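Use the sequences and the hints to build the structure in full.
Those sequence lines, one after another, are chains A and B.
Taking the working numbering, I'd label the letters of the first sequence as residues 1 to 776.
Taking the working numbering, I'd label the letters of the second sequence as residues 1 to 776.
Quick caveat, the hints were computed from the structure, so don't treat them as lab data.
Note that the structure is a prediction, hence the values are computed from the model and not measured.
Mixed in with the good hints, there may be bad ones.
Claimed, not checked - Label-pair distances were calculated between CB atoms; the ranges are:
1. B:Lys22 to A:Glu127: 53 to 61 Å
2. B:Arg11 to A:Leu62: 16 to 24 Å
3. B:Arg614 to A:Met664: 39 to 47 Å
4. B:Asp55 to A:Leu700: 37 to 45 Å
To be verified - What the simulated footprint calls covered on chain B by chain A, stretch by stretch (three residues with Cβ under 8 Å from a Cβ of chain A suffice, anywhere in the stretch; the number is not a length):
5. 524-530
6. 676-685
Where a beta carbon is used, it is the ideal one built from N, C-alpha and C, also for glycine.
Chain residues, written in single-letter form:
2 protein chains.
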Amino acid sequence: MAEEFSVIGKRLPRVDAIEKVKGEAKFTSDIQLPGMLHAKFLRSPHAHARIVSIDTTRVEALPGVKAVLTPKTVPKVHPLGEVPGIDKLEYLLDETVHYAGEEVAAVAAVTKEIAEEALKLIEVEYEVLPAVFDKEEAIKPGAPLVHPELGGNLCQCPRSVDGMLPLEWGNVEKGFAEADYIIEGTYESPLQHPVSPEPRSVVCQWIGDKLTCWASTQVPQKIRLDLAHCLDIPLSSVRVISTYSVGGYGAKDSEKTATLTALLARKTGRPVRAVFTRAEDLIATHRRIDSKIHGRLGVKKHGTITAIHLKMITNFGRDSKYLFMIPCAGAVGTCSALYRYNNSRWEGYHVYTNIEDHGAMNGFGDPEAGFCVERLIDEAAEKIGMDPVGFRLKNCMRYGDKAMDFFPVMFGPKIEWGVAGPDIDSLPECIRKVAAKAQWKKKWKGWRTPVEVRGTRRRGIGIAIGMHHCIAETETPDAATVKMNHDGSVDVLSSVPEIGQGLKTAMAQIAAEVLGLRYEDVNVILADTSVTPWGPGVFASRGIGAGANSVYLAAKDAKRQLFEMAAQRLGVKPDELEAKEQKIYVKKHPGKAIPIAELCFAGSQVTGNGMIPRNWIDERSGKVIAPVSVAATIAEVEVDTETGELEVLKITSAHDCGRVINPMLIENQIDLSITMGNGWVRSEDFIIDKSTGVMLNSNLLDYKVMTILDMPKGEDIQEIPVEIPAPWGPFGAKGMAETAVTTQAPAIANAIYNAIGVRIRGDHLTPERIFEALGK
Amino acid sequence: MAEEFSVIGKRLPRVDAIEKVKGEAKFTSDIQLPGMLHAKFLRSPHAHARIVSIDTTRVEALPGVKAVLTPKTVPKVHPLGEVPGIDKLEYLLDETVHYAGEEVAAVAAVTKEIAEEALKLIEVEYEVLPAVFDKEEAIKPGAPLVHPELGGNLCQCPRSVDGMLPLEWGNVEKGFAEADYIIEGTYESPLQHPVSPEPRSVVCQWIGDKLTCWASTQVPQKIRLDLAHCLDIPLSSVRVISTYSVGGYGAKDSEKTATLTALLARKTGRPVRAVFTRAEDLIATHRRIDSKIHGRLGVKKHGTITAIHLKMITNFGRDSKYLFMIPCAGAVGTCSALYRYNNSRWEGYHVYTNIEDHGAMNGFGDPEAGFCVERLIDEAAEKIGMDPVGFRLKNCMRYGDKAMDFFPVMFGPKIEWGVAGPDIDSLPECIRKVAAKAQWKKKWKGWRTPVEVRGTRRRGIGIAIGMHHCIAETETPDAATVKMNHDGSVDVLSSVPEIGQGLKTAMAQIAAEVLGLRYEDVNVILADTSVTPWGPGVFASRGIGAGANSVYLAAKDAKRQLFEMAAQRLGVKPDELEAKEQKIYVKKHPGKAIPIAELCFAGSQVTGNGMIPRNWIDERSGKVIAPVSVAATIAEVEVDTETGELEVLKITSAHDCGRVINPMLIENQIDLSITMGNGWVRSEDFIIDKSTGVMLNSNLLDYKVMTILDMPKGEDIQEIPVEIPAPWGPFGAKGMAETAVTTQAPAIANAIYNAIGVRIRGDHLTPERIFEALGK
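Following this line, the structure appears as structure tokens:
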């Protein structure tokens with residue numbers, strides 16, 4: 001690419017690096033307000049129970065306790081769901097608890113310690129009800145009902161038929177009839193906790209009849225909507241601020257904690273802070289679904305895929321913040337926008353159980369579906385004796401292919417098709433680049449032939465690809481404002497929060513690049529709902545494609561105004577100008593220029609506004625583009641056939657970035673997602689007491705998140721950015737890295753197979769499971 | 001007026017009433033930050049001295065002291081002046097001090113007490129220099145030079161000739177030649193301190209390389225400019241917040257305190273707070289000029305004024321934040337935009353002395369000039385035997401008259417003329433209404449004929465009129481944003497601060513009225529420079545005409561967008577619609593309507609932007625309108641001829657408001673200004689030691705501000721709003737009440753004359769001066 005950039009593409013330090021390193025950056029739990037109280041929540045020890053009575057007499061008498069909330073004293077409202085128009089089942093505080101850990105009461109006291117002490121003085125009488133925790137148990141006849149009022153444990157979605165949600169395109173039966181081989185199997189994926197380094201935290205303060213809420217969240221505007229809804233006050237009376245959060249990973253997307261804290265603050269007339277303990281965060285924030293998929297794949301001898309059919313059962317827990325969206329998104333991704341299947345059918349069964357809610361988590365359905373599909377694909381390639389890299393290259397999507405977009409499937413009245421944009425050609429490019437870098441040709445010795453054998457230790461190599469709908473459009477689009485100051489510096493306003501992904505840095509780079517300014521001239525102000533323009537938040541890798549994209553459009557709008565002013569002053573047309581080095585230059589007369597500061601002072605009030613469109617249209621076909629980001633990962637592993645011990649030696653991961661705004665941010669994101677993808681199937685496990693539903697490992701010693709020490713070192717993790725500019729992204733950039741989670745488990749599973757010749761279709765790739773699979 | 005309003009014009013409680021009454025509203029001195037230090041300033045005991053040495057060894061050793069600044073350790077920069085391009089003489093900390101009270105050093109310590117203690121340990125050696133305090137002494141040959149580098153004490157402005165600034169129009173000599181009588185005299189006006197209930201206060205915090213500064217100020221954007229300038233950082237690195245301040249009265253318009261506090265915070269790496277004591281606020285914030293004017297007025301027998309000539313000398317003190325603007329503004333107001341003088345000449349001599357700086361204060365030159373002119377006018381009316389009400393009615397300006405605008409005179413290359421807009425006809429209306437309400441006809445018995453005589457007590461009645469340029473345009477115009485939320489509620493963003501004038505309330509009423517919403521649906525966010533659109537601040541009564549006007553325009557822009565969306569949905573044209581009761585209605589089919597919330601949700605991102613124009617044009621003449629607000633005050637007084645005791649019995653004040661947005665706000669403003677206008681000449685006095693220049697009454701027991709107990713009670717103060725909509729104001733509203741200050745002193749002086757037949761041309765109307773004037 002011949003384009004020259006002065007700010008983007010550079011390894012610039014994060015704009016917030018110094019303040020974060022010095023401990024000056026303010027996170028929610030850093031907020032200190034005079035007279036602030038501390039909130040704690042009493043949680044149910046039972047997975048399913050009716051609260052017969054709550055006696056708060058003793059706690060109210062405890063000095064230092066300022067307020068107690070119980071189901072009887074809070075409004076009987078459902079917090080807002082993620083899908084407009086569909087009510088959630090959850091109440092602020094419910095008279096029936098549906099999982100062990102659900103909030104029963106809330107207390108505000110002058111210290112955290114008194115608040116904790118107070119919880120012990122609340123006397124609750126429960127009538128314990130029968131409970132069910134396993135998704136398959138839950139749909140057996142006679143199983144305890146999680147929500148008796150629904151008459152069954154199968155989640156009924158508006159589009160579902162008898163509790164089953166079908167999505168079908170092409171003619172699956174015809175497809176299978178045309179196949180030479182049909183591969184079939186049952187594949188599982190495990191539950192996973194996001195484990196944000198910063199537990200759920202919120203601070204609420206009322207001033208007059210106006211509420212300010214500091215929250216660690218990905219979606220400040222949604223928290224605002226939820227607070228206004230639950231408290232029955234205008235949105236303009238609620239200000240949610242989330243200037244910095246740490247690691248949402250999907251879990252910080254909505255929460256009733258804010259409302260309960262706001263109610264405590266209102267009742268006491270004092271600011272109230274609620275910060276979850278690690279145990280609370282594990283027990284009572286939502287998590288990735290666990291799933292079981294029966295998959296069938298039809299394939300022709302020469303390598304064409306003719307049909308796919310997935311039948312999925314997922315564990316929704318007490319409630320879903322998204323209803324059918326998560327498994328559905330995975331299905332859409334893996335069944336319609338990664339390979340050319342032509343004929344595809346997905347059946348989803350979503351089951352309520354008495355465990356905590358599921359919700360969004362990195363990958364949003366793709367890892368679950370992908371862990372199935374990429375193992376199936378591998379088996380199919382083997383069946384026809386084709387190299388797995390070649391098989392994927394042959395069948396993967398290309399520009400102009402029919403592709404399903406996320407939004408019409410999720411919200412539209414019927415399934416509508418768009419096209420894969422020109423940037424989808426990064427998919428074969430990712431496969432080629434990752435194969436080259438990982439020395440696939442040299443290392444791959446054929447099916448069931450290890451890369452190397454040393455005694456009981458066998459080395460194997462495996463590949464997986466994946467995609468993610470990086471939502472770059474939305475029903476209620478992101479907007480941003482770029483305010484030019486009198487000295488030519490700028491303030492950028494956007495409602496999306498910085499959650500560690502580096503969006504604040506990327507936005508500063510983008511605005512500086514567009515306007516020809518220095519990186520340090522840009523100040524980015526994020527996620528302060530009353531003052532920053534609407535934007536739904538950061539999720540689905542939409543930070544760059546939607547949030548930063550609106551900043552890009554706003555900066556271009558400001559530049560247009562500057563060019564108009566400069567053109568008049570310089571006696572040329574706006575299109576003869578360019579912005580660089582804090583000046584507007586006449587392109588053909590580099591001596592002719594005017595400082596941007598001069599224009600800002602004279603003209604004043606140069607404010608650029610940008611809003612992303614609801615759809616991005618493909619230039620060639622005129623059809624809607626399905627904005628996706630893809631990746632290919634190759635894992636090299638060593639398995640000890642005596643013990644089942646698994647070592648992941650190398651991970652090479654090529655990622656479609658559209659355009660690299662800052663290489664360090666890309667690498668950070670990929671590394672994190674690789675670690676999360678490994679932890680998901682290799683070390684993490686959600687263990688509940690099978691009789692009570694109580695989580696048994698609600699701490700980070702026993703819930704084993706992978707750390708840098710558990711991962712391949714330095715050079716052994718290779719991140720490869722692939723830059724084919726997306727026609728819809730800012731400078732072509734797109735959201736990425738969720739696919740790094742998606743591709744880990746199947747690449748490792750496929751590498752294990754290459755090493756030891758045994759397929760693992762279960763949910764974990766632990767030494768125990770490998771040992772088991774080896775028939776030992 | 002037949003127009004019907006649902007929100008404006010109503011006696012609605014202030015939007016911030018509850019939070020202020022409950023003590024929840026955050027003012028600058030309420031800001032508490034973890035680790036916050038306290039700043040104190042060492043002040044010079046000498047009015048003019050060179051600092052020979054400063055020894056900070058002892059103070060640095062005092063436990064709890066974290067930083068000390070001296071002239072040697074701060075940047076050698078001039079804070080920005082108010083007039084672009086003209087440097088101020090002041091330095092952050094200067095090696096020569098020019099008045100008693102000037103900052104010599106600054107200290108930050110862990111407590112206020114330690115910081116105060118620390119000041120005593122700073123050892124300063126001064127070389128005392130000769131000083132001069134009186135404006136007339138200062139221009140005598142051989143007087144000590146305040147700024148020896150200037151070669152004289154006369155302020156040289158860009159337009160001045162030999163230290164004298166002339167403004168002339170018509171032919172004054174010809175005018176005087178045509179006069180039947182010439183009235184001539186020397187009139188004085190006193191210095192006045194603004195005495196804000198909230199002393200100067202500022203809190204600075206650095207996070208990374210970004211500064212946040214909370215300041216009690218009228219001009220947050222100017223503080224931001226000043227901080228960026230003095231600290232040499234981009235504007236985008238500075239955020240100034242002034243959500244609430246109390247009573248600027250002109251004095252909170254710029255200050256180096258913010259910069260010194262920011263430097264202390266940067267040096268210590270901790271937040272720093274500086275809050276002035278009352279004494280510091282009196283000694284070291286700027287104040288109203290004192291003046292002496294020799295005036296001549298030519299008048300014809302039948303009552304036509306033929307010429308005016310004012311020769312003014314004013315005491316600038318050490319420096320001016322405005323150079324010649326303040327006296328000049330008064331001259332422009334009183335000599336060109338109140339009466340039809342036809343021929344006018346003003347000569348201004350502005351003198352540096354070794355007392356504190358002067359600066360803006362309520363009325364901005366008008367009270368000083370007006371106290372002279374309205375006494376001259378009264379003498380002229382008496383000379384030709386005309387009733388003073390009739391004389392003013394005959395000569396006062398009318399719509400279409402040539403009128404001088406503020407800005408061209410202040411900033412333009414030459415004097416340019418505009419016209420008085422149709423709203424100037426409120427001037428005769430004010431005179432008529434105040435005369436009717438005060439029962440002038442009944443009470444006025446003729447010149448030197450008291451209203452009533454009871455023993456030694458004589459009752460008199462007097463009138464004065466006045467005008468104020470309520471700046472409704474500006475070089476860098478105010479902008480505002482109206483963000484519609486999904487439920488149809490709105491956030492209003494503007495950079496002008498709420499300083500107690502009620503602007504936040506007025507803006508909420510205006511936005512609600514325009515958009516057909518409820519008052520409580522509007523949230524107003526003010527004066528947070530990084531997020532609110534540019535606006536220079538509140539001064540010159542511009543809050544409503546410029547700040548709230550941009551909100552009005554932004555709300556109209558949002559309404560236009562809503563109408564476009566609604567028109568499409570309802571199948572009509574936008575101009576067939578109206579907004580009321582939170583809905584958009586088809587005017588002719590009241591059953592046909594769509595809720596605003598519905599439009600906001602579906603369309604999303606309805607954001608209205610408004611910016612006031614640089615000039616307002618008169619429809620009839622096509623000429624620029626000089627936006628002014630006028631008033632007429634009648635005072636009824638009782639004087640004891642034995643003792644000189646003065647009682648002000650009744651004040652009736654009619655004020656041109658254009659349109660009343662909220663009657664309570666109007667009344668509050670008028671009442672405050674009446675009190676300030678009375679205090680100016682009746683009780684306040686700036687007393688300095690004539691040999692040292694040290695203020696001797698720097699406390700509120702000895703500097704006697706008038707309180708509610710000193711003023712006429714209840715019914716005896718009558719505020720009369722006069723509503724002739726200004727073509728440039730929001731709903732016709734305009735800034736007002738500064739004229740209440742202007743009209744007090746001359747109305748009382750003229751009433752005293754009516755009571756006792758003695759003219760007081762001096763600066764105070766105290767019993768001593770009356771006693772003196774009575775020749776006793």
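Please flag the earlier hints that this structure goes against, numbers listed from lowest up.
Of the numbered hints, 1, 2, 4 and 6 do not hold.
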